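As they're listed, the protein sequences go chains A and B. For the first sequence, the positions run 1 to 91 when this note's numbering is used. For the second sequence, the positions run 1001 to 1429 when this note's numbering is used.
Hints listed in this document are in silico derivations from the structure and should not be mistaken for laboratory results. As the structure is a computational prediction, the values presented were derived from the model and not from experiment. Treat the hints with care, since some could be wrong.
[As the list claims (entries may be wrong)] Which bits of chain A does chain B cover? Going by a derived footprint, with three or more residues having C-beta under 8 Å, they are:
| id | segment |
| --- | --- |
| 1 | 17 to 30 |
| 2 | 36 to 45 |
| 3 | 56 to 65 |
Glycine included, each C-beta is placed from N, C-alpha and C at the ideal position.
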Amino acid sequence: MTIEDKLAQDAFKNDEASHITLDQSICKDCRERFCIYSCPAHLYSLNEETGQMQVEFAGCLECGTCMIACIYGSVNWNYPRGGFGVQYRYG
Amino acid sequence: MEKIDVVIVGGGFAGLSCAYALAGEDLTVLVLERGDFSGSKNVTGGRIYLGPIRDLLPDLWEEAPFERHVTKEALTLMAEGSSTTLQLSSQKMNQRPYPSYTILRSRFDRWFADKVMGKGVYIVPEKRVDDLMLEDGRVVGVKTGEEEIGAEVVVAADGILSFCAEKAGLRKPFEPQQVAVGFKEVIQLPRGTIEDRFGLSGEEGMAHLFVGALTKGMMGGGFLYTNLDSISLGMVIGIDAINQREPREEVYQLLDEFKQSPEVKKLIEGGTLVEYSAHLIPEGGINAMPKLYADGILVVGDAAGFGLNMLITVRGMEYAVASGVMAAEAIKDAKKKGEFSVRSLAHYEDLLRNSFLLKELETFRHALSILKNPRWFNHYPQVICDLYEKLMWVDENPKPRLSSTAYGELRKSILTLQGMKDILSLRRI
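Isolated chain A (complex conformation) (with noise of 0.2 Å):
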């Protein structure tokens, strides 16, 4: 099972704009890349063709995680507005 699979059977409720953004310039110098590997969901990857890092929102399980693996301070996080987002019905 991938875990686009294991995603797709979450409930989400997904706002328009996304609730974290990523300050290209600083990731641009990142070679660890943090959030890649800590991201339980598997939502960061790096855009081969741009080179800037992207992050999928829509499947995010709002741990926070990225933003303190994060330690240039590059991820900008905020909870989803009320009423969006994930949706947990076991939890």
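Put chain B on the given structure of chain A with help from the hints.
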């Protein structure tokens, strides 16, 4: 500006416990919950211990929708190619009042919120608090969207990322060393299958922890809890450990490898994944504790970093309930005095200091620094499994004395300077 008495930010265990304990008093109380309903943003591993909190909310627990009461405990040391399991079946744990239960938070918190509302406290869902209102350095309310809600006191029950506590200047964002990420699958299985597979009757339950090779040297472990008709299977790994790991490892993949291990595979066979979730866990203990109050604000539960990795179990929900109730006590006291100043709210910390909560955090002050030792995860589980395997091994050669086998194994691994240091370090847990 018109003010109500108490705004509680967050309708999880800490916020709801505070609201429940305040209900029926001559106080106006409002709970703001950012999810569709209480519990929709909450995740646990999950197991809760009732012993420390039963009397704090005495009328709550009897009909509470827990999953199973834990009567079996297991700890598996995972090595390469083998594992060793220690298992306890306890009749004492099978007697009422049961000491601990497995739990699913979305179900539980939703029920708890109904209880709180039944007591006359209003809970507003889909309300994210965006900022605090400050006046001369004191907290006087919250901002949510365009709306401002004035309050004599704000209770920051907004979870481990507590933006409220940060905005009030009570704490800084956590460092990677102070938190772990937990991620889990809820796997549905027929009730009877769970009971047969784990040797349980009725609503008996099992809590099973795993430590060793599964985290590839990173601080953390795995867990399996039996619910009524599902299994909670997951892992907890320190964020700093993920950051430092060489070669790099995408952490979400570890759970798939864990599921494929022979120790787990059969236990979840035929099950259906119904949810995948993740949540941060505060592990900094008392060393990472923020300031707990200021003029017009109190911090409770995960927001205050009230969590503890005690090696053989991870604690947090009891602390959320207890700190919520104690915040309520302090608020009632402040209301009587007619002031919600820092001096008045200091009573909250006094209550915590005299309770199990801060006493436990104090007792386990060194737990995290000891757990950071990677040898607990990549060395000793292997040593123990190798030793046990050697002791049990019989082949064409004449079997040597058990004591020589044991000594030979231990001399390589534990009866060394490093081994002794590690063992001695455990005195401080």
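A quick look at each hint next to the structure:
With 0 residues having a Cβ less than 8 Å from any Cβ of chain B, the segment 17 to 30 of chain A misses the three-residue criterion, and the hint is violated. Three residues within the 8 Å Cβ limit are the bar, and the segment 36 to 45 of chain A against chain B gives 7, so the coverage statement holds. Given as covered by chain B, the segment 56 to 65 of chain A passes the check, having 5 residues with a CB less than 8 Å from a CB of that chain where 3 are the minimum.
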